[in-house]
Amino acid sequence: MLDSDSSSSSSSPDTSSEMLDERVTLPNNLQPPPRRSYGRPRYTDSQHNADGSNKYTFLIGGGFTLPTGGTHNDLTTSYNIQGGVGRNLNKNFGVIAQIDWANFGIQSNTLNNLLNTYNSIGAVDQNGNPLSQLGGSSHVWSLTLNPIYNFAQSDTTGPYVVGGFGFYHKTANFTIPGVGTYCDPYYGCYQVQANQSIDKYTSNAFGVNAGVGFTYKPSRFASARFYVEARYVFVDNQPRPYSLGSATSTYFNVFPQNSARTTYIPVTLGVRF
Numbered sequence: 001m002l003d004s005d006s007s008s009s010s011s012s013p014d015t016s017s018e019m020l021d022e023r024v025t026l027p028n029n030l031q032p033p034p035r036r037s038y039g040r041p042r043y044t045d046s047q048h049n050a051d052g053s054n055k056y057t058f059l060i061g062g063g064f065t066l067p068t069g070g071t072h073n074d075l076t077t078s079y080n081i082q083g084g085v086g087r088n089l090n091k092n093f094g095v096i097a098q099i100d101w102a103n104f105g106i107q108s109n110t111l112n113n114l115l116n117t118y119n120s121i122g123a124v125d126q127n128g129n130p131l132s133q134l135g136g137s138s139h140v141w142s143l144t145l146n147p148i149y150n151f152a153q154s155d156t157t158g159p160y161v162v163g164g165f166g167f168y169h170k171t172a173n174f175t176i177p178g179v180g181t182y183c184d185p186y187y188g189c190y191q192v193q194a195n196q197s198i199d200k201y202t203s204n205a206f207g208v209n210a211g212v213g214f215t216y217k218p219s220r221f222a223s224a225r226f227y228v229e230a231r232y233v234f235v236d237n238q239p240r241p242y243s244l245g246s247a248t249s250t251y252f253n254v255f256p257q258n259s260a261r262t263t264y265i266p267v268t269l270g271v272r273f
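The letter at position 269 of the sequence shown is residue 269 when you use UniProt numbering, and the numbering goes up by one with no holes.
Derived by calculation from the structure, the hints in this document are not laboratory data. Do not rely on the hints blindly, as some may be mistaken.
Here are the simulated BS3-like pairs of lysine-lysine, each with C-alpha atoms no more than 25 angstroms apart in a straight line [claimed, not checked]:
(1) Lys55 / Lys91
(2) Lys91 / Lys217
(3) Lys217 / Lys55
In this text the structure is predicted, and so the values were computed from the model without any measurement.
Turn these sequences into a full structure, and let the hints guide you.
Below is the structure:
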């Protein structure tokens with residue numbers, strides 16, 4: 001018959017404590033390896049931030065430009081192109097240095113009014129005849145610094161907001177049809193149609209922009225993202241007065257609209273690396 005006291009002592013807490021003490025006091029070379037720490041990988045190379053996002057970004061794109069407000073009274077829709085390089089501080093926030101070219105046509109009624117004005121002051125073509133046609137175009141090129149914030153990013157898609165400020169240079173150029181001479185080393189010289197510039201205006205100003213966009217990456221492993229965005233641009237051009245010139249002044253300005261405040265919306269599709 002078993003002694004109840006001896007039976008209970010075989011599973012006593014003292015025995016478990018002794019086994020634990022024995023494991024704790026094992027030599028270092030017999031200790032189990034430390035537990036591995038799991039978590040998001042941290043990058044230490046020169047091309048990535050700690051969260052794995054690229055430190056540097058490059059973009060190029062193109063699209064169309066919509067003049068708005070008073071700008072639309074004289075200019076028409078045309079194309080735009082842009083390029084830039086940026087620094088990402090993390091996967092959400094970055095800053096892009098950007099150059100843009102926004103092109104515009106000139107409204108027909110504006111050209112007709114200017115044609116009458118030029119003829120009224122005695123402008124003539126290269127043959128000495130009154131002007132019969134007038135063409136023209138306008139453009140704005142800019143250098144801007146643009147903070148950008150990406151949010152709700154997935155492996156392949158994500159929206160963003162962007163805004164910027166910088167220098168804007170606006171130009172309007174008016175032309176008439178002309179004939180020029182082109183010389184080819186094989187076929188000799190011959191006449192070609194070539195527009196002749198008769199009047200030009202420029203204006204420099206500070207401007208700002210703001211907009212939204214959306215990115216798409218074909219694969220989570222791709223290094224490039226396609227993007228589409230629309231921005232509103234405001235350029236604080238300083239107005240200049242209208243003038244036909246005089247005997248005592250060389251100031252001439254029959255297109256003061258070029259120095260009027262400028263607003264437009266560039267819509268751009270591009271790729272970002």
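Name the hints, by number, that the structure is in violation of. none
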